[in-house]
Amino acid sequence: MAQTLARREMRLETSGTTTTAAVRAQEAIGAGISIREVVKRYGAFVAADRISLDIEPGEFITLLGPSGSGKTTLLNLLAGFQSLDGGQILVDGKPIQHVPVHRRGFGMVFQSYALFPNMTVAQNVGFPMRMARIDRETTDRRVAETLEMMRLSDHAAKLPAQMSGGQQQRVAIARAIVMRPRVVLMDEPLSALDRRLRESIQIELRELHQAIGSTILFVTHDQSEALTMSDRIAVMDAGHIVQIARPAEIYRRPQSRFVAGFVGESNLIDAQVLGRNGCVLTLRTPGGHVFEAESRHGVSGDSATVLIRPERIAIHAAPAPGTLPATVTSALFLGEVLRIEVMLDDGQRLLIRCPDIAGRELPELGAQVHVGWGAADSWVLS
Amino acid sequence: MSDATLAAPRTPLAQRLKSPALLLVPAVLFLAVIYLLPLIDLFRVSMSGPTWSTHFERVFSVPLYWESLVRTMKIAFTVACLCVLLGYPTALLIHRTRGIIQILIATAVILPYFIAILIRTYAWMVLLGRNGPINKLLQMLGLIDTPLALLFNRGSVLLGMTAVLLPLMVLSIYASVARLDGSLTRAALASGAGPLAVFWRVLLPLTLPGIGAGFLLVFVAALGFFITPTLLGGPGDQMFAMHITQQADSITGEGFLQALAVVLLVITLVVVGVAGRIMGFEFIWGGGKLGDGKPKPVATAARVQAPRRGLGMVLADLLGWPLLRLMGRLPAGWGRWTVRIMGGAVIVALVVPIIVVMVISFSKASYLTFPPPAWSLRWYEKFFSDSNWMNAFRNSLLIALLSATISVSLGATAAMGIVRSNIRYKSALMLLLVSPMIVPPVVLGLSLYALFLKLGLVGTYLGLAAAHAIGGIPIVVVIVAASLQAVDQRLEQGAAVHGASPLTVFRTVTLPAIAPGLAAAVFFAFLHSFDELVLSLFLSSPRMKTLPLMLWADINYQLNPVLAVVSTLEVLLVVGGIILARPVLTRGKPA
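So the sequences go chain by chain: R and L. Mind the numbering: the first sequence is residues 1 to 382 in the UniProt record's numbering, read in order. Mind the numbering: the second sequence is residues 1 to 591 in the UniProt record's numbering, read in order.
Keep in mind the hints are simulated off the structure, nothing from the lab. Backbone N, C-alpha and C define an ideal beta-carbon position, used for all residues, glycine too. Errors might be hidden in some of the hints.
Said to hold, decoys possible - A few chain L positions that, by computed beta-carbon distances, are all more than 10 Å from chain R:
#, residue
1, C81
2, V84
3, A175
4, L184
5, G194
6, V198
7, V202
8, T245
9, R340
10, N395
11, A428
12, D488
13, H498
14, T508
15, Y557
To be verified - Interface residues of chain L toward chain R, partial, derived using beta-carbon atoms under 10 Å:
#, residue
16, A178
17, D181
18, R186
19, L189
20, A190
21, G192
22, A193
23, A197
24, R201
25, P205
26, L206
27, L208
28, G212
29, T338
30, Q558
31, N560
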């Protein structure tokens with residue numbers, strides 16, 4: 001008898017949390033996530049090596065890295081599909097590692113969409129509401145709202161197999177946000193779509209994020225996707241977060257060769273520091289060319305790697321102060337930009353992208369040109 | 001390639017002679033003569049009474065037959081239900097385990113599938129016998145004083161048939177479970193569905209086709225079952241197929257016997273036909289849809305599905321879900337343990353009989369008892385020195401080799417024709433090629449008997465080999481068609497573009513790609529003939545006995561350990577075949 005009572009109390013408690021969850025869904029506030037020293041091993045392979053990361057409530061954060069860098073592992077740990085081998089994950093200050101997947105109350109979008117093929121679009125989107133035992137009326141209303149938001153209202157009665165890839169992914173997103181969860185996890189959700197569709201859904205996702213206010217954790221290996229959508233990007237490599245910063249910061253001031261190479265195209269020049277004048281270093285390439293770069297680090301005698309983004313290099317027909325002579329080795333017209341490769345006389349190759357503006361012609365192969373950049377256009381990797 | 005060959009206009013006839021559809025001709029002709037015609041003749045004879053329905057009226061008015069028909073349906077239905085209940089956890093268990101454990105469990109299911117039904121039934125007789133291990137164990141534990149009569153009742157029939165047919169069910173369900181996208185379960189979990197809800201809302205609905213296919217295959221096989229109920233059943237457990245053989249022994253009159261067979265055949269065909277209309281006839285061979293030229297528009301498929309899905313969901317919500325929610329109060333991990341315990345029990349039930357038989361073959365006792373009082377090889381000596389057994393063994397070997405040759409040469413070419421041609425009625429032809437799988441062997445045996453009498457083929461090597469090939473061809477067609485469909489046609493096109501003639505393309509690209517499938521087809525066609533009993537019962541002569549026939553006679557008259565020796569050798573043959581084929585089979589499979 002006492003047991004039955006205790007059980008009944010437990011049920012009451014459970015239904016209590018369901019109500020609060022529903023109320024919270026109305027308010028739609030993202031949760032803060034704190035990942036502390038998280039470790040995950042597969043045999044001898046360390047997929048996540050003491051990763052720490054603090055995510056602000058309502059932030060759109062992207063985990064960016066090549067395959068095998070541990071980004072999906074981190075997402076799966078957060079979702080609860082895998083268990084931690086060490087460390088802690090806190091959501092709104094509470095540890096969640098012992099909460100089973102289905103009680104975490106997150107939304108999730110999968111690379112393969114993972115729509116239930118036996119349910120219609122409306123049933124798929126309503127699935128989390130049903131599982132939370134929310135009444136039929138609220139469910140129907142919320143599903144309709146969400147479908148409207150994703151511009152899917154006309155497709156409510158269709159089966160997933162009857163829709164295009166882009167539509168299916170919008171259904172998957174609708175299912176992930178229908179509960180207005182505090183956290184939405186996205187595992188390379190756009191990688192199966194073609195480029196044009198990907199770009200339009202990127203913008204949609206960004207707007208959606210602003211509308212619902214959930215914390216979004218987005219995993220991708222596509223750097224332009226990460227740059228477009230994120231509040232912050234965490235670049236991952238070999239089970240570590242190697243840099244975390246806002247997109248512009250990541251692009252303009254990468255902390256390492258890896259980040260510079262992985263995000264955007266880059267020219268890297270190895271050089272020796274000759275001297276410092278305030279914020280400006282004077283450097284010399286092994287071939288003897290001298291140029292300037294801004295940096296707070298580095299003293300005379302150090303060797304340094306200098307990053308110059310291709311669009312920061314200017315190309316001139318005639319020599320000017322601070323320019324270096326070069327030979328054109330490749331020239332391609334890409335539409336909005338020209339992509340030109342040149343070789344300095346010391347053998348250093350440089351990639352240049354310049355906008356297709358009036359009066360600019362594609363240089364001939366083998367033509368002698370002069371290239372240059374300002375001290376502020378370069379970045380010394382620490 | 002010269003200009004001349006490019007420019008030469010081809011006559012329509014020459015083109016038609018090159019059509020891959022012609023590859024279907026030998027197999028279709030063979031089956032038409034030796035399989036379709038006798039069945040048609042069976043119908044004719046069954047209606048040869050004073051009026052066409054005389055014999056049928058007798059079938060349905062004599063309580064002996066009528067009650068046996070109802071009993072057969074009941075037993076088949078129960079067995080199919082038991083197989084679903086026990087097979088699902090086992091399939092899940094295979095799916096959820098990894099590495100060496102998965103291989104062991106899968107082997108424990110697949111191995112019995114390839115061992116002759118006769119031998120597996122015999123193993124159950126040993127296990128359940130008065131001096132069998134179960135009675136011995138119970139006595140040792142002091143639970144009983146005198147041995148229980150575990151054999152020759154309805155329980156032993158159900159147990160034996162379920163055990164014999166379970167692998168079929170497990171494989172059918174496993175195929176649909178393994179095909180599921182793993183992220184679907186994850187998506188359901190992430191959407192807040194607990195393990196039970198994941199099972200009820202996602203796993204079960206999506207694997208329903210596999211369950212349905214397995215259920216029907218088991219039900220249809222059980223309908224025509226003959227060996228197991230004969231050996232394990234008592235007087236009250238007569239199944240319909242048994243009447244046909246008993247009547248065949250004491251010729252009661254032309255026509256009535258055929259009517260019995262026709263009734264069994266028609267029931268089988270109706271069940272398969274209705275099921276095929278609903279879920280597609282592909283369930284028979286467990287394959288995907290064949291491209292029949294015109295793809296079904298998705299919209300129509302959905303329109304057909306929509307109302308049923310609605311009803312199913314309502315039922316699931318009203319009945320199943322509240323029940324499952326009650327179960328949800330059980331402690332966490334309960335579901336996982338259910339799967340492990342039920343699956344584990346099934347594995348034990350499949351493997352233990354075989355092991356017991358292998359142990360008994362080394363017994364010194366001259367009767368069946370377990371554990372053996374002493375060890376010896378005397379039964380092996382007896383088997384290898386007895387000229388009757390050796391003759392039967394040689395006969396079986398010869399017939400199986402001949403039959404495998406017929407099956408593979410006809411079946412493999414037919415598979416080529418099915419996969420590579422673009423003719424109409426392709427599905428119908430495929431259905432014809434695989435249909436011997438579902439025709440009760442008793443019916444087939446009876447219909448062939450008349451033909452073989454006319455042609456003087458009764459008791460001949462060629463006759464038996466050809467009869468066994470009727471069942472061998474479907475096996476070959478299914479395996480080879482599947483491996484042909486897996487061949488990337490762009491590879492063949494690539495070879496052709498670079499100057500390979502069609503024959504060279506086949507030799508250098510296609511053949512190596514389907515070689516593993518072909519090897520498997522040879523092995524299974526051989527095994528099918530080597531194990532075949534029911535057709536042989538009808539078609540052999542006293543002078544020419546096969547190994548299964550000798551076994552059958554011995555099991556019925558004197559249950560001795562020589563049978564255990566033969567069973568052990570058969571198990572070794574299957575294990576050896578699988579081990580030999582393994583490198584070839586795994587090479588063809590993507591990881």
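Per-residue hint verdict: G192 of chain L, partner chain R, C-beta under 10 Å: holds, 4 Å
For the hint on L189 of chain L, does the least C-beta distance to chain R fall short of 10 Å? Holds, because the Cβ-Cβ distance from L189 of chain L to chain R comes to roughly 4 Å (cut-off 10 Å).
Chain R contact restraint for L206 of chain L - C-beta distance below 10 Å: holds, 6 Å
Hint check, N560 of chain L versus chain R [nearest Cβ-Cβ separation less than 10 Å]: violated, 53 Å
Would you check whether the claim that R340 of chain L is not at the interface survives, using Cβ distances to chain R and the 10 Å cut-off? holds, 19 Å
Compute the least Cβ-Cβ separation between D488 of chain L and chain R, then decide whether it is above 10 Å. Consistent with the label, D488 of chain L stays out of reach of chain R, its closest Cβ about 22 Å off (over 10 Å).
Does the claim that H498 of chain L lies off the interface hold, with its Cβ farther than 10 Å from every Cβ of chain R? Check passes; 32 Å lies beyond 10 Å.
Non-interface claim for Y557 of chain L, where every Cβ of chain R lies beyond 10 Å: holds, 54 Å
Is V202 of chain L truly not at the interface, in the sense that its beta carbon sits beyond 10 Å from all beta carbons of chain R? Nearest chain R Cβ is 6 Å from V202 of chain L, so the label is violated.
So, A178 of chain L near chain R? Judge it on the closest CB pair being under 10 Å. With Cβ-Cβ at 16 Å, over 10 Å, it is violated.
Is the nearest CB of chain R more than 10 Å from the CB of A428 of chain L? Correct as stated: the minimum Cβ-Cβ distance to chain R is 27 Å, above 10 Å.
With chain R as the partner, please determine if D181 of chain L meets the hint condition of a C-beta pair closer than 10 Å. holds, 6 Å
Going through the hint list in order, the structure does not satisfy hints 4, 5, 6, 7, 16, 28, 29, 30 and 31.
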